[in-house]
Amino acid sequence: MLFHTLPFLLYMAVVAPGFYALRRTPFWLPWLLAASYFFYGWWNPWYLLLVVYSTGLDFLLVLLMDHCPARGEPCTPRRDRTLRWALAAFGGSAAALAVVAVAGPAALRPTLIAFTVLVGLMAVGATLADRRMWLFISLFNNLFLLLFFKYARFVAENLNAALAALGSPVMMPDPASLTPPGWEYLLPVGISFFTFQSMSYTIDFYLGRVERERSLLRFATFVCFFPQLMAGPIERARHMLPQFRQAQPFRPANLTDGLSLFLVGLFKKLALANYLSLYVERVYADPASFPSQDLLLATFAFAWQIFFDFSGYTDMARGVAKIIGFDLALNFRNPYTATGLGDFWQRWHISLSSWFRDYVYIPLGGSRGGKAATYRNLFITFLVSGIWHGANWTFAIWGVMHALGVIATRELERSPFYLHRVPRLVKQAGVFAYVCVAWVFFRAADVPQALLILRRMFAGPMTLSAAPGLMLALIGCVWLYQFLYESRLRPLLTAAPLRVGLAAGMLVYLALCSSGGGAFIYFQF
Amino acid sequence: MSEAATPDPRSAASEPPFGVNEMRLTGRHWLVVAAMVLAFVALAPLLWARLERFEPGPEYRVPYTLSADYWLYQRRLAAVPADAIPVVGDSVVWGEYVRADGSLSRFLSREAGLPGRFANCGIDGVFPLAIEGLLSHYGGALRSRKALLQCNMLWMSSPRSDLSSDKEETFNHTSLVPQRFGAVPCYRADAAARLGAAVARSVGFFGWVNHLNSRYFEQTSLPRWTLQEDGDLPAHPNAWRLPGPPLSLYEPASDPQRGPGSRRHRPWSAGGRSPQSFEWVGLDASLQWAAFRRTVALLRERGCDAMVVVGPFNEPMVAPEQRPRFRAMRDGIADWLQRSGVAHVVPETLPSALYADASHPLTEGYAELARRLWQDEEFRTWAVR
Chain Y
1 MLFHTLPFLL YMAVVAPGFY ALRRTPFWLP WLLAASYFFY GWWNPWYLLL VVYSTGLDFL
61 LVLLMDHCPA RGEPCTPRRD RTLRWALAAF GGSAAALAVV AVAGPAALRP TLIAFTVLVG
121 LMAVGATLAD RRMWLFISLF NNLFLLLFFK YARFVAENLN AALAALGSPV MMPDPASLTP
181 PGWEYLLPVG ISFFTFQSMS YTIDFYLGRV ERERSLLRFA TFVCFFPQLM AGPIERARHM
241 LPQFRQAQPF RPANLTDGLS LFLVGLFKKL ALANYLSLYV ERVYADPASF PSQDLLLATF
301 AFAWQIFFDF SGYTDMARGV AKIIGFDLAL NFRNPYTATG LGDFWQRWHI SLSSWFRDYV
361 YIPLGGSRGG KAATYRNLFI TFLVSGIWHG ANWTFAIWGV MHALGVIATR ELERSPFYLH
421 RVPRLVKQAG VFAYVCVAWV FFRAADVPQA LLILRRMFAG PMTLSAAPGL MLALIGCVWL
481 YQFLYESRLR PLLTAAPLRV GLAAGMLVYL ALCSSGGGAF IYFQF
Chain F
1 MSEAATPDPR SAASEPPFGV NEMRLTGRHW LVVAAMVLAF VALAPLLWAR LERFEPGPEY
61 RVPYTLSADY WLYQRRLAAV PADAIPVVGD SVVWGEYVRA DGSLSRFLSR EAGLPGRFAN
121 CGIDGVFPLA IEGLLSHYGG ALRSRKALLQ CNMLWMSSPR SDLSSDKEET FNHTSLVPQR
181 FGAVPCYRAD AAARLGAAVA RSVGFFGWVN HLNSRYFEQT SLPRWTLQED GDLPAHPNAW
241 RLPGPPLSLY EPASDPQRGP GSRRHRPWSA GGRSPQSFEW VGLDASLQWA AFRRTVALLR
301 ERGCDAMVVV GPFNEPMVAP EQRPRFRAMR DGIADWLQRS GVAHVVPETL PSALYADASH
361 PLTEGYAELA RRLWQDEEFR TWAVR
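Same order as they appear, the protein sequences are chains Y and F. For what it's worth, my numbering labels the leading residue of the first sequence as 1, then goes sequentially. For what it's worth, my numbering labels the leading residue of the second sequence as 1, then goes sequentially.
So here's chain Y without its partners, still in its complex pose (with noise of 0.2 angstroms):
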């Protein structure tokens, strides 16, 4: 169900009165978690397993975790009573599936193997009675869901070409051969948003930040609180599970603003992101029969869609969760506006960047042991966000871009020649050309093509074609209008007859223009 469709708006004329009308009883958490299930069922309903399965498994990690002795006191193992249950049922369970696995159809073998290592590992984490352990189970089985629905073809398919380049005769199964009998091999949509939401808890509460959440039902409605299940942003316990303590009253503002929010994002993707992947899709589709400054507008188009796409989804997440009285986190402020590229990812995907700041970079060390270490953290960190958008190289290597471009340009930013001589339009323009060209492996379907694009924008031939006027029309009106708001002539846009103005501008403009549906591109990852 996309939020810019009509079963959307019917789910939500039932949803948001439902769950004002029972906000005073004990149900509007289970009202809340029910509808949120019903969103996610309504792609696959065979998905909410995953989801149900990594709640419950993290909530039940972090209750074991809580019956260990915290960081920097002794381990006592086996002194506590529910660890002592937890190693009887979990030795139990693992040999009653390594048997069944052995014994067992072929075909379920691998799904029960793992579930024999991850039981088993358990079993082991009752034993030695160490937060660590199980922290480390719950590291284990996210990226295992992750790594095994995302990353296992792309493995298998780069790993057997490895071999068969080097004469092996050994190949590596394809992950499908790998599900039980009649179960799809699909990517579960918004996998990478719950499992870093998720992970986050677990890793929150082994580092003291959150306290345990002790209801099950809150914790899996933070799980997949559904504004934002999808495609973020992704939101920290700390923020959002005391939202989910008391329902809030019914306040007009909230309505209003939450309207306020869906309009802009609605706008954002129906009539602007959908608009430029016609063009971008067009020249994508075959770059080699484009030339030169068609590519270049197709990849300057395609900054604009993405940015339009994600911001535009994120605003309708957060209008939906305000208009049910919850916040949702800043995704982006006006990125293209940025005067370097640290500041840009400060801009972009803010709850994504700040979530490989926290559990990536600091832990890696962060900035504190010298300029050499900074730099192979920064490193690390990029390629890994590069990774997480997807199974590509052309992924990991957008990743590396941003990391060499930041690593290039920290210390420049940072000198005050840059601070105060160098000119604000100087600055914007420089990092959204170099923003772009790395757009390019982003959106490209595979590297040789990523290759043949950048080839032909800057060294392709140039031809007189006529310009989409209307598309850069759009983009300049937008680009004007953040430019406003990042100057000293904001006060301007709060007027309240062009807000208004605006509002039913964009509002005629959907019901005459709207380009019609199409799913989001960060639903993908």
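Calculated directly from the structure, the hints in this document are not laboratory data. Predicted, not measured: the structure shown is a model, and the values here were computed from it. Please note: incorrect hints may appear among the correct ones.
[As the list claims (entries may be wrong)] The calculated label-pair distances, taken between Cβ atoms and stated as ranges, are: (1) R421(Y) / T26(F): 55 to 63 angstroms; (2) R414(Y) / A34(F): 43 to 51 angstroms; (3) S367(Y) / A34(F): 49 to 57 angstroms; (4) L49(Y) / G341(F): 20 to 28 angstroms; (5) A34(F) / A89(Y): 57 to 65 angstroms; (6) A183(F) / W183(Y): 45 to 53 angstroms; (7) L10(Y) / S144(F): 30 to 38 angstroms; (8) A495(Y) / Y216(F): 31 to 39 angstroms; (9) L10(Y) / F18(F): 53 to 61 angstroms; (10) L10(Y) / T26(F): 22 to 30 angstroms; (11) E211(Y) / F18(F): 25 to 33 angstroms; (12) A34(F) / L10(Y): 15 to 23 angstroms; (13) A495(Y) / F54(F): 38 to 46 angstroms.
Just so it is clear, CB atoms sit at the ideal spot from N, CA and C, and this is done for glycine as well.
Based on these hints, arrange chain F on the given structure of chain Y.
Okay, now just chain F, sitting in the frame of chain Y:
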């Protein structure tokens, strides 16, 4: 615990910023926005109808390229003079192989001796399920007046034509058919498409938007139209093109696809085709026949004095062993109309050489059909009273 006594878990300091675009509207702002948008939605189509000249002549029919422009069809029905009789139906009424001056309505008017007495209100590509939707949602002007409705048995000639097949099919005018899941088994649109179609046909504004897209932007939206290819190689977008040359609300003066001079306008047997086997769907099970009956009921509810013409079907094109089945069905239709008190005519099959295919007559076929209808006492009495 009361709400007032419970501290808000989110302090002002922890509340995330609203957004980055200042598009924050208050309740009062939203009311003004709603009023502005509603005014536009209500008034724009009305004003447009005044600005866009539309004066259909006696032989007017909705152009083929605007077949899905139901807003235009609405205007066409409203523009039928009070003393004229709209002839409603599919491509048989519209005249698939003939020019506008070779259609049934034109020859009926000639028989009546009054140009424009019968108005061509057919649409190319529709079928009974779509006609039902067309008249339900866009046929409000068809009220308390005579109407001639054509029943084409071709739509019951196979489960595929009847749309009762379980296999997914692609067909025209999907937005006019019932959108309930399962109502048309071979129609497999998702919930969003079905809801969209239901809303679009219920809100006149969207019909007008569709009219703009059909009429000025080559059946696509303005944004898509600006990025359409020129046809030159290498393909490139052309946004500088002005809207034009626009499709007219009227048919082109010459249409190489239709009329006696066209290659398509020739008897079905001239191509060496032989009689065909049809998988007739029984009247009890036919979705199209059920839709046709509902359409008749709708017209009667609206106070229309409806006359039904059953056929003309090209019976010689039906395989000999199937003809008894065909005749039984035709008699069944006539029987239902009789029992329901609906005036109807079942004209004799025309000479087979006057058909271009199973159901579409050629120009001379329409002339002959009109002559036969006019000779029918009941029909003539109905038409002149």
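These are the hints, each one checked on the structure:
In this structure, R421(Y) and T26(F) break the distance hint of 55 to 63 angstroms, their C-beta atoms being roughly 43 angstroms apart. At roughly 49 angstroms, the beta-carbon separation of R414(Y) and A34(F) lies within the given 43 to 51 angstroms, and the hint holds. Distance hint for S367(Y) and A34(F): a CB-CB separation of about 51 angstroms, consistent with the stated range 49 to 57 angstroms. Take L49(Y) and G341(F): their Cβ atoms lie about 59 angstroms apart, and the range 20 to 28 angstroms is violated.
The hinted range of 57 to 65 angstroms is satisfied by A34(F) and A89(Y), whose Cβ atoms lie roughly 58 angstroms apart. At roughly 32 angstroms, the beta carbons of A183(F) and W183(Y) sit outside the given window of 45 to 53 angstroms. In this structure the supplied range 30 to 38 angstroms holds for L10(Y) paired with S144(F), their Cβ-Cβ distance being about 36 angstroms. For the hinted restraint 31 to 39 angstroms between A495(Y) and Y216(F), the CB-CB distance of approximately 34 angstroms keeps it satisfied.
Hint check: L10(Y) to F18(F), Cβ distance near 27 angstroms, so the stated range 53 to 61 angstroms is violated. In this structure the hint that L10(Y) and T26(F) lie 22 to 30 angstroms apart at CB holds, the actual value being about 27 angstroms. For the pair E211(Y) and F18(F), the beta carbons lie near 28 angstroms from each other, so the given range of 25 to 33 angstroms is met. For A34(F) paired with L10(Y), a C-beta distance near 20 angstroms keeps the hint of 15 to 23 angstroms intact.
Checked against the hint of 38 to 46 angstroms, the pair A495(Y) and F54(F) passes, with Cβ atoms roughly 42 angstroms apart.
Consistency with the previously given hints fails for numbers 1, 4, 6 and 9, ordered from lowest to highest.
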